[in-house]
Structures are given as structure tokens and as C-alpha cells.
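> Residue numbers (numbering that gives the first Met the number 0), protein chains in the order written: chain R, 0 to 156; chain V, 0 to 156.
Just to be clear, a hint being listed does not mean it is correct.
One copy or any two copies: either way a pair holds, since identical chains are not told apart in the list.
DSS-like cross-link-like pairs, simulated, lysine-lysine; straight-line CA separation at most 27 Å [claimed, not checked]:
no.	residue 1	residue 2
1	Lys-67	Lys-93
2	Lys-71	Lys-84
3	Lys-141	Lys-71
4	Lys-67	Lys-141
5	Lys-141	Lys-107
6	Lys-142	Lys-30
7	Lys-93	Lys-30
8	Lys-42	Lys-151
9	Lys-82	Lys-3
These are computed hints drawn from the structure, not numbers from a lab. Here the structure is a predicted model, which means the values were calculated and not measured.
Protein chains: 2
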Amino acid sequence: MFRKILFPTDFSEGAMRAIQRFNRDNESEVKECVILHVIDEGKLEDMLNGYSYFYKKEEREMHDIEEKLKEKAMKEMQERAEKCKEMMKAKNIKMLVRVGIPYEEIVKVAEEENVSLILMPSHGTQGFSHELFGSTTMRVLKKTKKPVLIIKTHKEE
Amino acid sequence: MFRKILFPTDFSEGAMRAIQRFNRDNESEVKECVILHVIDEGKLEDMLNGYSYFYKKEEREMHDIEEKLKEKAMKEMQERAEKCKEMMKAKNIKMLVRVGIPYEEIVKVAEEENVSLILMPSHGTQGFSHELFGSTTMRVLKKTKKPVLIIKTHKEE
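Let the sequences and hints guide you as you build the complete structure.
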């Protein structure tokens with residue numbers, strides 16, 4: 000049994016395929032699974048620039064958009080939570096939404112939650128199949144001290 | 000329970016630390032563990048050049064050295080087999096010695112044996128701690144379609 004698994008997800012097809020493969024190959028139960036979604040602060044700034052016509056004060060703007068995105072992410076997570084729990088054979092599920100640079104938040108949460116494993120898809124949301132790895136996955140791999148299970152999420156040839 | 004794990008080992012300290020960490024974090028049993036040692040054909044050629052004073056025929060030379068290295072590797076493996084079995088909580092152990100390019104053989108054996116996971120230390124025998132990853136680990140990660148569990152084997156700061 001794995002004590003505690005961190006599953007960072009961008010809700011992409013790749014991330015869900017990673018869980019499917021984990022499920023196919025792992026017959027043991029997981030005590031706790033921490034599902035983490037990181038709202039990319041870089042993308043948040045891009046959105047800010049897009050929405051700035053409708054707002055007067057920049058701070059207010061930032062706060063509003065952040066809150067809306069967090070709410071949306073939490074909703075998406077809750078919709079997937081039961082499926083994740085079942086697929087991972089996890090006894091408990093914890094859901095987290097953070098704002099920041101994705102790989103930094105993943106590494107931080109892994110330490111804070113003292114997980115025994117980080118489950119990463121080889122490719123995330125960008126899905127550039129010509130790339131060898133998603134850049135977030137590569138950065139997490141370099142920075143964390145925790146074991147990382149990389150699941151290939153390319154479609155089989 | 001993991002069905003079948005491939006554990007490529009160069010008998011280095013890093014590789015043994017990877018097993019220790021795997022053991023610490025994983026409470027489930029492993030049905031079968033395939034321990035693989037690859038004799039690097041590049042290094043074999045280097046040795047050939049070194050020993051060529053003592054031999055007349057190059058083919059004979061190659062064959063002799065290869066046989067001796069295989070024998071030595073198998074012996075080292077047998078010495079570690081019981082410890083690996085115990086640490087991995089593995090029901091069965093299979094030992095393989097191959098000659099070739101390490102990452103290529105690892106990827107090949109993973110397919111041939113249809114393993115459910117490849118367990119790789121982040122750093123192998125070279126132990127250049129300034130490097131982010133061992134080159135064999137990096138190449139396996141890029142080439143295989145199997146899930147890869149990367150265990151950080153740097154000494155904790």
C-alpha cells in the first residue's frame with residue numbers, strides 16, 4: 000500500500016490517462032491521495048490583460064479572477080474526485096487548489112503533505128507530442144526529493 | 000501489489016539507495032522482480048584495448064572478457080538477490096545479465112518481460128552530483144512506454 004500519493008492535475012486528457020494506467024498496473028490500495036490543481040500565475044496575468052477593459056482597479060481585478068478560477072477548479076476537482084478515488088483505490092481524497100508556478104507549487108505541496116510519491120503524466124495540457132516531456136513534469140523531477148512515478152501518456156502508436 | 004518490477008542495477012551505492020527508499024515508501028508486496036545488469040559494450044571495448052597485449056586473436060579476447068564479466072556480474076547479483084527480495088517484499092526474483100548499451104537493453108527487457116514498472120535511481124554509478132540526472136535514467140525515461148519510478152538517490156543535504 001502506498002501511504003500518500005500526490006496527483007497534480009491540469010484536468011487534461013493526459014493527466015486522466017495517467018490515472019488509468021496507474022490503476023491498470025497497481026493492484027494495491029492507496030491510503031491517501033492528494034489531488035492538486037495549480038492555477039498558473041503566468042496565465043492569470045495574461046487573462047488580466049485581456050479583461051482589463053472591464054475593470055478599473057487592477058488589484059480588484061486580480062482578486063476577482065483568482066477567486067473565480069479557484070472556484071471553477073474546485074468544482075472540476077469535485078466532479079473528478081469520486082472517479083479518482085475509485086481508480087486509485089484510495090481510502091481518502093484531499094483536494095487542493097493553489098495559485099503560483101505549477102512545478103514550484105507541486106514540489107512545495109509534496110513536502111508540506113509529506114507524500115510518499117508524486118504521480119506525474121509524461122505530458123500535460125500542452126500535448127505537444129513532439130516534445131519528449133512536459134516541462135512541468137521535467138521541472139518537478141529535477142527539483143523534488145520525493146520519488147516520482149512517470150506515466151507515459153502518449154497515445155500508443 | 001505491483002505485478003512485475005524491473006530493477007536495472009549497476010551495483011552502485013545509488014542503485015542500492017533506490018531500493019532502500021522504495022522499501023521505505025511502499026508497503027505492498029511485489030509479485031516478481033526482474034534484476035537486470037547490463038555490461039556496457041562501450042566499456043567492454045575500452046577494456047579490450049587495455050588487455051590486447053595479452054591476446055593474439057581479437058575475437059577470442061572479446062569472448063573471454065565478456066564471459067568473465069558476465070560471470071562476475073551474475074555472482075554479484077546472486078549476492079544481492081536475497082537482500083533485494085527482502086527489501087522489495089518480492090515473491091519471486093529473476094536475474095538477467097545482458098551485454099549492450101545500458102538504456103537500450105533496459106527498454107528491451109521491460110518490453111520482453113512485460114513489466115508493470117521500471118524502478119530507476121536518479122543517479123547511477125557515475126555519481127556526479129552536479130548532474131541533474133544519470134544519462135541512462137534520462138534515456139530510459141525518454142524511450143520506454145512503461146511507467147518509470149524515479150527514486151532520488153542524492154544524499155540528503
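> If the cut is 27 Å between Cα atoms, do Lys-141 and Lys-107 qualify within a copy, between copies, both or neither?
The answer is both: 13 Å in one copy and 26 Å across copies each meet 27 Å.
> Are the CA atoms of Lys-71 and Lys-84 at most 27 Å apart within a copy, between copies, both, or neither?
This pair counts as within: shortest intra-copy Cα distance 20 Å, inter-copy 47 Å.
> Are the CA atoms of Lys-42 and Lys-151 at most 27 Å apart within a copy, between copies, both, or neither?
Within one copy only: 26 Å inside, 31 Å across.
> Go through the copies and call it for Lys-67 and Lys-141: within, between, both or neither, with a Cα cutoff of 27 Å.
Neither way: Lys-67 and Lys-141 sit 32 Å apart in one copy and 37 Å across, limit 27 Å.
> At most 27 Å between C-alpha atoms: does Lys-142 with Lys-30 qualify within a copy, between copies, both, or neither?
within (25 Å within a copy, 31 Å between copies)
> Since the copies are identical, ignore which copy is meant and state whether Lys-93 and Lys-30 lie within 27 Å (CA to CA) inside a copy, between copies, both or neither.
within (11 Å within a copy, 30 Å between copies)
> Under a CA distance limit of 27 Å, which applies to Lys-67 and Lys-93: within one copy, between copies, both, or neither?
Within one copy only: 20 Å inside a chain, 54 Å across chains, cut-off 27 Å.
> Taking 27 Å as the upper bound on the Cα-Cα distance, should Lys-141 and Lys-71 be classified as within, between, both, or neither?
Answer is neither: 30 Å inside a copy and 34 Å across each miss the 27 Å cutoff.
> How would you label the pair Lys-82, Lys-3 (within, between, both, or neither) given a Cα cut-off of 27 Å?
both (17 Å within a copy, 26 Å between copies)
Consistency with the previously given hints fails for numbers 3 and 4, ordered from lowest to highest.
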